[in-house]
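Keeping their order, the protein sequence lines are chains A and B.
Using the UniProt record's numbering, read the first sequence as starting at 1 and increasing by one per residue.
Using the UniProt record's numbering, read the second sequence as starting at 1 and increasing by one per residue.
Please keep in mind that the hints were generated in silico from the structure rather than gathered at the bench.
Given the structure is predicted, the values throughout are model-derived calculations rather than measurements.
Virtual Cβ for every residue (Gly too), placed ideally from N, Cα, C.
One or more hints might be untrue.
[What the hints assert, rightly or not] Simulated coverage check for chain B against chain A, where a stretch passes if three residues somewhere in it have a Cβ under 8 Å from a Cβ of chain A:
#1 59-71
#2 151-160
#3 177-184
#4 204-211
[Unchecked claim] Below 30 Å or equal to it, Euclidean Cα-Cα: the simulated DSS-like pairs (lysine-lysine) are:
#5 A:K121 - B:K29
#6 A:K55 - A:K147
#7 B:K89 - A:K130
Chain by chain, the residues:
2 protein chains.
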Amino acid sequence: MKTTKRKNMPPKERRDQLLGCAQILFFSKGFEDTTVQDVLDLAGVSKGGFYHHFKSKDELLFGVLDGMAEGVFSQMDLVASDETSSALKLLRSFTHLRANYLREHDYPGQVEFFRVMNQDKNLVLLEQFKRRVRTGAMPVLTRIIQKGRDDGTFNVADVDTAAELILFLSTFMDLALLRAIEARGTDTADHAARNLQAAIDMQFQTIDRILGLPDGTTDFGWPEAVDVTMATEPPPPPSIN
Amino acid sequence: MKTTKRKNMPPKERRDQLLGCAQILFFSKGFEDTTVQDVLDLAGVSKGGFYHHFKSKDELLFGVLDGMAEGVFSQMDLVASDETSSALKLLRSFTHLRANYLREHDYPGQVEFFRVMNQDKNLVLLEQFKRRVRTGAMPVLTRIIQKGRDDGTFNVADVDTAAELILFLSTFMDLALLRAIEARGTDTADHAARNLQAAIDMQFQTIDRILGLPDGTTDFGWPEAVDVTMATEPPPPPSIN
Numbered sequence: 001m002k003t004t005k006r007k008n009m010p011p012k013e014r015r016d017q018l019l020g021c022a023q024i025l026f027f028s029k030g031f032e033d034t035t036v037q038d039v040l041d042l043a044g045v046s047k048g049g050f051y052h053h054f055k056s057k058d059e060l061l062f063g064v065l066d067g068m069a070e071g072v073f074s075q076m077d078l079v080a081s082d083e084t085s086s087a088l089k090l091l092r093s094f095t096h097l098r099a100n101y102l103r104e105h106d107y108p109g110q111v112e113f114f115r116v117m118n119q120d121k122n123l124v125l126l127e128q129f130k131r132r133v134r135t136g137a138m139p140v141l142t143r144i145i146q147k148g149r150d151d152g153t154f155n156v157a158d159v160d161t162a163a164e165l166i167l168f169l170s171t172f173m174d175l176a177l178l179r180a181i182e183a184r185g186t187d188t189a190d191h192a193a194r195n196l197q198a199a200i201d202m203q204f205q206t207i208d209r210i211l212g213l214p215d216g217t218t219d220f221g222w223p224e225a226v227d228v229t230m231a232t233e234p235p236p237p238p239s240i241n
Numbered sequence: 001m002k003t004t005k006r007k008n009m010p011p012k013e014r015r016d017q018l019l020g021c022a023q024i025l026f027f028s029k030g031f032e033d034t035t036v037q038d039v040l041d042l043a044g045v046s047k048g049g050f051y052h053h054f055k056s057k058d059e060l061l062f063g064v065l066d067g068m069a070e071g072v073f074s075q076m077d078l079v080a081s082d083e084t085s086s087a088l089k090l091l092r093s094f095t096h097l098r099a100n101y102l103r104e105h106d107y108p109g110q111v112e113f114f115r116v117m118n119q120d121k122n123l124v125l126l127e128q129f130k131r132r133v134r135t136g137a138m139p140v141l142t143r144i145i146q147k148g149r150d151d152g153t154f155n156v157a158d159v160d161t162a163a164e165l166i167l168f169l170s171t172f173m174d175l176a177l178l179r180a181i182e183a184r185g186t187d188t189a190d191h192a193a194r195n196l197q198a199a200i201d202m203q204f205q206t207i208d209r210i211l212g213l214p215d216g217t218t219d220f221g222w223p224e225a226v227d228v229t230m231a232t233e234p235p236p237p238p239s240i241n
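Chain A on its own, in the form it takes in the complex (with noise of 0.2 Å):
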């Protein structure tokens, strides 16, 4: 992608065309080999133009993952809105998101992206998105399941710790596909893809059992999950110089 240098784009475009160039190269190459100088040439903007909208890298990937969470929320909010539906069929919505998500937005990328958030050196910044997305994400499941408490649907004592519960269960299976994405390409790539779909499973199964549903009511919504993770690219090695 060649941007051409336009000096008086507006402020808030030009943080968007940032950001956007930033969401790509961290995609691409990953966040750690991403240089601010790299985001700059993708841009077209001189260092006093980065510098006047983001302090850092680390603040640039602060945007980045707004921009994700933004992204999410407002398909919650589209969901949500839906007054006519029943609340299994929002709750199932629901819990499509996610995988919608991943699949329209550059699953390579994004799983690239993945493997290097969970680096120990950027736990922080992963868990304060995690956190965010939680909190953005706990009025429009609680109001799913009210509703559903109301009409007898679901069978759940406390509606707000049943939703914080499935929000915190939402990352379990995050875990497994750390895993099963760093044994891509080693004699343990079909055993971790195992483990995958059990944590998948085991997920959904467990969110139906908390509301008490019949076991296979809900689902991660893209069957093709584990297959699609296991053909994305590992990263090469590292270069010994």
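Got chain A sorted already, so can you dock chain B onto it with the hints?
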């Protein structure tokens, strides 16, 4: 605790003494407010003697966390080595381990330590500690669940994933616990206490449901936990100088 200088203490003993002093100070003053000098003063050790064992205050904290993990692991081994008990009795002993540890080790000090460890700047250490505990607990819990599936007590599809999910759930109550201890002494204390109880109850109900057990089979093992937590002292407000 007043200790005397003992220049000829063997290295392992000296290391343990420094860790013991650090734990006392971290629990009573909090990690942030404890300086390396405080530890030296309490242990009666010189700077050189300290840096022979630990590179930094962070490394000292890691040692304290490690010691706490070891304490839990040795209890786990005791539980797991009991060949004659039923799977259900072993499971109950396992789910009570955390409450037993909390009750028996200066609980108000642990609450203050927990509060500080959950601050953003300490999240990496905390996450590493949690992973270490989960990794150490996996073989023990897996063996218990396998035993219960073999004899028909538990109805569960994938033993490893069930063990991993139950260990993952063991930190669910931490969110509500953190909010509860931050609410101590404020108008929202009662509300936060009720939410903490609901989170504890739902965590164990979910363990029951994952394993196909009747609700109420497992519990935290410390009925007074919420009352005891709310009765600990909030830290003094930061002084304005």
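Hints versus structure:
no. : hint           : verdict
1   : 59-71          : violated (count 0)
2   : 151-160        : holds (count 3)
3   : 177-184        : violated (count 0)
4   : 204-211        : holds (count 4)
5   : A:K121 - B:K29 : holds, 27 Å
6   : A:K55 - A:K147 : violated, 44 Å
7   : B:K89 - A:K130 : violated, 36 Å
Figure legend: structure checked against the earlier numbered hints; hints not met, in rising order: 1, 3, 6, 7.
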